[in-house]
Amino acid sequence: MVAVSLPVMVGCNTSAIYQDDRYNPPVYWGRHVVKKGETLYSIAWRYGRDYRELGNANNIQPPYHIRAGQVLRLDLKGRVPASTRTASTADPRAASSGGTASQDRSARSTAPAKTDPKPQVTRKPDRGVELARQSQTVSDISWQWPHTGTVIANFSTSGQVNKGIDIAGNAGDPIRAAADGNVVYAGNGLLGYGNLIIVNHNEHFLSAYAHNRRILVKEGEDVKQGQTIAEMGDSGAEGNKLHFEIRRNGNPVDPMPYLPAR
Numbered sequence: 149m150v151a152v153s154l155p156v157m158v159g160c161n162t163s164a165i166y167q168d169d170r171y172n173p174p175v176y177w178g179r180h181v182v183k184k185g186e187t188l189y190s191i192a193w194r195y196g197r198d199y200r201e202l203g204n205a206n207n208i209q210p211p212y213h214i215r216a217g218q219v220l221r222l223d224l225k226g227r228v229p230a231s232t233r234t235a236s237t238a239d240p241r242a243a244s245s246g247g248t249a250s251q252d253r254s255a256r257s258t259a260p261a262k263t264d265p266k267p268q269v270t271r272k273p274d275r276g277v278e279l280a281r282q283s284q285t286v287s288d289i290s291w292q293w294p295h296t297g298t299v300i301a302n303f304s305t306s307g308q309v310n311k312g313i314d315i316a317g318n319a320g321d322p323i324r325a326a327a328d329g330n331v332v333y334a335g336n337g338l339l340g341y342g343n344l345i346i347v348n349h350n351e352h353f354l355s356a357y358a359h360n361r362r363i364l365v366k367e368g369e370d371v372k373q374g375q376t377i378a379e380m381g382d383s384g385a386e387g388n389k390l391h392f393e394i395r396r397n398g399n400p401v402d403p404m405p406y407l408p409a410r
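Positions in the sequence shown are counted from 1; adding 148 to them yields the working numbering.
Hints are computed from structural coordinates only; laboratory data are not their basis.
Note that the structure is predicted; figures quoted are calculated from it, not measured.
In this text, a Cβ means the ideal position worked out from N, Cα and C, and glycines have one as well.
Treat each hint with caution, since some may be false.
To be verified - The calculated lysine-lysine pairs, modelled on DSS-like cross-linking and capped at a C-alpha distance of 25 Å, are:
no.	residue 1	residue 2
1	272	372
2	372	183
3	183	366
What the hints assert, rightly or not - Simulated DEER-style distance windows between Cβ atoms:
no.	residue 1	residue 2	range
4	217	386	29 to 39 Å
5	339	304	32 to 42 Å
6	280	227	39 to 49 Å
7	179	281	30 to 40 Å
8	214	370	14 to 24 Å
9	217	278	26 to 36 Å
Produce the complete structure using the sequences and hints provided.
Given below as structure tokens:
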């Protein structure tokens, strides 16, 4: 339950999304009343916030436990520990707490466009093995394809906005973890994503797997790269597909540079 009237925020392939310099604008007004099954990670995902920053704004410490009925202030701006911040992720709009909705919206509309630094590949995949088993190390994480079907929608920040990529397949196909991590959300509480899994890889990176027919892991579970975590489906979508996202410090990034080239 959100105590303010906000535009509908959906998962993928829609133009009904806040339009600003990052195409995933952080919401800095209103509040959110925690519902059963929500986690700080899923709430931060919904509002385009870094979970560490949102937790800090509400005096929530690791491991970020929240409870149903708890009120989270969205109008407060928290801090990310200095050791985890970089020049590319620092946001001058977050320098002070508070501010009005109109001020925040105005800042987003006038801020110059930002670009993500090109991720550095430190180990390229072995082309001698099939794509499903290929991996490459980017930003100190080994990544592989969560499904090897055809990419039917690419990451896009213009026109038909897409915060990740969409991969075609058949109902029941195995969806695999793209990298080692810990499941921080497994449910269907985010509009437009259907049955969704969010995996935390380290303090900077999360990945998400949407529209599953069946979720095979639980929150708090550690998963290994290549482990089957779900079955492909069409929950929250018009057809069977996987919607896959990678978020760096709360911001959606194009997954393609992280995944082995086809």
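Q: Sort out which numbered hints this structure fails and list those numbers smallest first.
A: Of the numbered hints given earlier, those the structure breaks are 2, 5, 7, 9, listed in rising order.
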